[in-house]
Amino acid sequence: MTLTLEVIGISVLWLFLFLYVIVASIDFGAGFFNAYSAFTNKQHILTNIIQRYLSPVWEVTNVFFVFFFVGIIGFFPQTAFYYGTTLLVPASIALILLAIRGSYYAFATYGAKINHRGYIYMYGLSGLLLPAALSPVLAISEGGFINMVDGNPHLDYWALFTSPLMWSIVVLSIAAVLYISAVFLTWYANKAGDVKATDLMRKYALIWAGPAIITATGIIYELRGHSPEHYENLLDLWWVFAISFLLFVGTVYLIWKRRNYGLAFILLVGQFFTAFFAYGLSHFPYLLYPYLTIYDSFTNETMAIALIVAFIAGLGLLLPSLYLLFRLFLFDKDYVKGKSDYHV
Amino acid sequence: MVLEDTALLSRILTLLTLSFHIIYATIGVGVPLMIMIAQWVGIKKNDDHYILLARRWARGFVITVAVGVVTGTAIGLQLSLLWPNFMQVAGNVIALPLFMEVFAFFFEAIFLGIYLYTWDRFEDQRKHLLLLIPVALGAAASSVFITIVNAFMNSPQGFEVLNGELVNVSPFLAIFNPAMPTKVAHVVATAFLTCAFLLASIAALRIIRGSTHIYHKKALHLTMKLGLVFAIATAIIGDFSGKYLAEYQPEKLAAAEWHFETEEGADLVLFGVLDGEEPKYAIRIPYALSILAHSLPNAEVTGLNEFPEDEVPPLWIHYLFDIMVSIGMWLAFIAFVYVAASWRGWKFVKQKWFLWLTLISGPLALVAIEAGWWFTEVGRQPWILRGYMTVEEAATTSGQVDLMIILFAGLYFILGIGTIVVLLRMYKRNPIEKELAAREAQKGGEKE
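If you're matching them up, the sequences are chains A and B in order. According to this note's numbering, the residues represented by the first sequence are 1 to 344, in order. According to this note's numbering, the residues represented by the second sequence are 1001 to 1448, in order.
Because the hints were derived from the structure by calculation, they are not lab data. By construction, the Cβ of each residue, glycine as well, lies at the ideal position given by its N, Cα and C atoms. One thing to keep in mind: the hints can contain errors.
Selected chain A positions facing chain B (Cβ under 8 Å, derived; list incomplete) [what the hints assert, rightly or not]: (1) F69; (2) A80; (3) F107; (4) V171; (5) A175; (6) A242; (7) I243; (8) T299; (9) M303; (10) L328.
Put together the whole structure using the sequences plus the hints.
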């Protein structure tokens, strides 16, 4: 694999998808924990933290998603034909779920503070259903679920819904969302000096660590049966997964020992980063097995260069802005602790 | 399944999403500028009312932005879901502005989050105002980039088709297509115009309801002046848009004007009904179409009969065009009357009937926005990419579009009702009088 324009394009997109997975997991999981605590009447413990961190940044979270699907059409226009045609239903469901989340922020936290229980549950549930609606795309990309009928791609729902691979990916995505979110919120709650919330989130983090790692291993097993070629590639990268596992052990250890939650979260990001990129690398060069590779679906060279230049320029604007955002809402001690309230 | 025509179903769903999204998108583009101007006036005049005006507008704005993010994500994905064959071509030629739009949106979302959560955090109000500049710029830039894509659909260039393959692609030629300057200017100016009038409507409503507070009068005065500026800008740009159409999309202009025979000194036809090729009961303005199309009363305007029948857009777009233009004229007229009367000290603009006219102008401006987008989209039919690809060829082959129409119609209905209910409740719970009193009390407390 040489560093061609195709490789640069897919790396940029994969990186932004990874960032979306992390920031969206925090958002999705927090909503679920919030709903769960409302259910067990411990709501006030989490609501504050969710409003302080999530409300200012959720729109930014959403842009990572938009970036990915606009970017992939730009760099690999043929994906529009294959994935656009087949994903109408799952993507529409995901849109409805995103709408529930967006409207919760709009109506319940910014607006008239409608804190109806039903709404809190819907918001919480959407956080679990969204990964379940989005992650099957990873299973579809493994091949075997799309048939060509009269030159048009069709999704075989029966094959998809009876596939153990699809279900393991769905379960992993949910477990990972809850695990990532719990580790982050443990750190954030601790920073806010909220002992009760820290303890609660620490407990959730430890509970969800097991399912996350077990389901991840399960997928590797499922792939052996479903996509032997992909499985072979995965085995070649065994050492990356080993590093990822060590990082996982590190996170759990720190959380368990109640030490250095910030480092624990960084290790977690490292764990997912290594696993995500090793997975992506083993999938290479296919975007949709066996129809679409990054090479035959690539845009023309002029457009590719224009997009990369625009990306670098855009990043020049984006990084300082993101830094400012996080400095104000993530690293500002007074803000995190709730000592200052400057909402419009 | 009742309907098998996925192209038609895809059009219906796109129409539904765009018609709903454009309301939020227009507010999203225009209101940040209004907030910025109000806050700036407040700082300059050291007048707390204007600062509060900015702050209260911002509160409502957050809610529309949040819903706009949702509907914007929906249309962004639906483009690929409903028109996969079009997006495959678009991805190759016009992906650059789409991609840049995401960055503009990123930029806007980040600074909006910061702006909203940092009221009174700075000693110096001017620092806080600075944070709004990237929001307004990002919002305007988003609309510019997206409109470029729409302009490209109307006058595609920057590529060649050789044996079914796209060759010689030039992203910059595609961006700077002939439709781009007028279309972009028109969309941005009308967004500002519409928002000025929507905010004027709110102020008029408060005064009609009996509030005598000077705050509402200041709000009305500011927004009507801005309304006049943008109404004039819109009229000038509209004239250029007519000339663009005459040159590059003559069939669209001819269909909008029910202009069948190519002739010199063509009349502008307003409203009426069509009897064969003869408009009846219509208002005719002599030579006006020639002037609109070519700036000369005797210029020749191409008629519909010059085009093959299957490339002529549906003739009912005439009404859309007329609605858009009439409302545009109305807005310019009412803003002009208000500003002139205030300047001369005439009292009638303070009377109820005139306030009512102001009140209906905001919603009318939104109607004009809808009519304008329907006009430009239906007026491009049968093409999705004029001259290259029809909507039939572009549509998905998926069989579930009908179900998705029901799903999204329900979603937009709930979001629409939710927006209205939440906005009303928010402002009712905290009217301006109450907020001003609270601020006074707080200030008094600080002095002691």
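Do the hints match the structure? See the list:
no., hint, result
1, F69, "holds (6 Å)"
2, A80, "holds (4 Å)"
3, F107, "holds (5 Å)"
4, V171, "violated (25 Å)"
5, A175, "violated (26 Å)"
6, A242, "violated (36 Å)"
7, I243, "violated (31 Å)"
8, T299, "holds (5 Å)"
9, M303, "holds (5 Å)"
10, L328, "holds (6 Å)"
Checked against the numbered hints above, the structure violates hints 4, 5, 6 and 7; every other hint is satisfied.
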